[in-house]
Amino acid sequence: MYILEIDNLSKYFGGVKAVDDFNMKLEEGSITSIIGPNGAGKTTIFNLITGIYPPTKGSIMLHGHSILGLPTYKIVDLGLARTFQNIRLFPNSTVLDNVRAACHDMANYSVLEGFFPSKRRYQQEKLIKDRSMALLETVGLADRAEEIASKLPYGYQRRLEIARALALNPIILLLDEPAAGMNPEESQNLMEFIRKMRDKFALTTLLIEHHMELVMGLSDYITVVDFGKTIATGTPKEVQSNPEVIKAYLGYGDKK
Amino acid sequence: MSIYIQGIVYLFSINLISVMGLSLLTGFTGSFCFGQAGFMAVGAYTSGMLTKLVGWPLWLGIICGALAGALISIPIGLPTLKLKGDYFAIATLGFAEAVRLILENLQQYTGGARGIPGIETMDSPVPVLIIALVIYVLIRFYVASTHGRSCIAIREDEMAANCIGINSPRMKTISFFVNGLLAGLAGALLAHYVGFIQPSMFGMAKSTELIIMVIFGGMHSVTGALLSTVMLTSLPELLRAASIWRLVAYGLLVVIIMVVRPEGLLGSWELSIASLKQIWNNLFNRKPSVKEGN
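Chains R and V are the protein sequences, given in the same order. Residue 11 is where the first sequence starts when you use this note's numbering, and the numbers rise one by one after that. Residue 10 is where the second sequence starts when you use this note's numbering, and the numbers rise one by one after that.
The shape of chain R in the complex, shown without the other chains:
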């Protein structure tokens, strides 16, 4: 049984086919990567899955139920969490508040109760704080909890964004270029971190990435897209030797 099934997903912006008949099946607990040259439509696929854009056609099934047409916040409630290619934190909030904001489901006191102090509120807020601190501990940011998020170094901002996504207790984690702008050592650390998170939280992970070392070392399955079209799927080994993939990445010379 696949946890997420995407069939014939397409998104056209006018005449531009950003995503064209994209198919993908995610196995529970696997790490799957989408790779492809710039402008291949990878981020658009994420935006379609999380309901930011409505697709032109196709279907997205989570646990066998269609999530098409649902607003983003409901899709997130069903267990999909994501990060962004160009980090989107809450820049003026503290590191702790960034994570706490994602824990809003742990508090069940009403909006009206929000205006008053109460024991229930106090207890729930304490639980939220403890859990947020524990998450910051896992990503190694506990000692920076009171700092303003936008003042963190770049690599830490990436981690904070992942911590915020993990705070949602996701079933599927979508990471959009988590290693962008990282040096080889940092992306090596990130690779171990993603694997650790997968094991710790029993996550299914979908990854968009350009760092080939990271992708090949981490992924169970890879899907290659180019100009909105899926050109190859399979294990890292299969994909690496696929002539279509080599053509998309390296181009081909004139045959004489």
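Think of the hints as simulated: they come from the structure by calculation, not from any bench. Each residue gets a CB set at the ideal place from its N, CA and C atoms; glycine is no exception. Be a bit skeptical, because a hint or two may be false.
Reference listing, derived: stretches of chain V covered by chain R, where coverage requires no fewer than 3 residues with Cβ under 8 Å from a Cβ of chain R [what the hints assert, rightly or not]: (1) 156 to 165; (2) 170 to 180; (3) 227 to 241.
Fit chain V to the known structure of chain R by using the hints.
Showing chain V alone in chain R's frame:
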């Protein structure tokens, strides 16, 4: 208390109630509202007409005024809160101007541009002041709650807020509703302080004055909004001797703040025991780390 001081306390309390709503909506939820006077007009006319023309008791009229402000915010908010940034500000501005023009033209009910005179007035500003300060405390609690954090998340990055499961249309509508309630309440209280209402009291100048109070004190601080309401309500009074030049001083002060401290007087600082302790420690250098270091 002399009548003069009483008047200033009334004015401060009424401004504070309205500014608290605006601080939540504009400062913390990030929806820039330029039509606060419109909601105040709805509250003022509801209470004024119910007490004067129907003969309802004063406080019942005031409660109805607040509810009217809250209720009108729903049909206005549902279509306009989808707009982003400036477009939302213009929509609220349009709403406020529409309210003012409707009041001017419904002569047989509202007295048109001449307004409604002889509205019952209150005896003492103390209950109004207490209400205003209680509202300050309530807003402080709300902003620190999980719902308040959701509002802040929407202000900071609405798409990211949606992607952590926050129902942003709902949270924005709630902030807009609370703002309408408080503006309606402030408008009703204003009617029963002045004893006379006319549409020109609720023009763009009033909306601007209130939004300036929020920006001046610090968009991200409820205490800042309180402080700036104190300052900007009393400043024109203190400078009364300078007659018309006091308005220049007012404008100059606002410009200086915008240039020197764009995040507002207090930025995101809030009054609390912990924050006061921190200031105390900073002033007298009692940081434990400093002690250990030496």
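Evaluation of the provided hints:
no., hint, verdict
1, 156 to 165, "holds (count 7)"
2, 170 to 180, "holds (count 8)"
3, 227 to 241, "violated (count 1)"
The structure fails hint 3 only (numbered hints given earlier).
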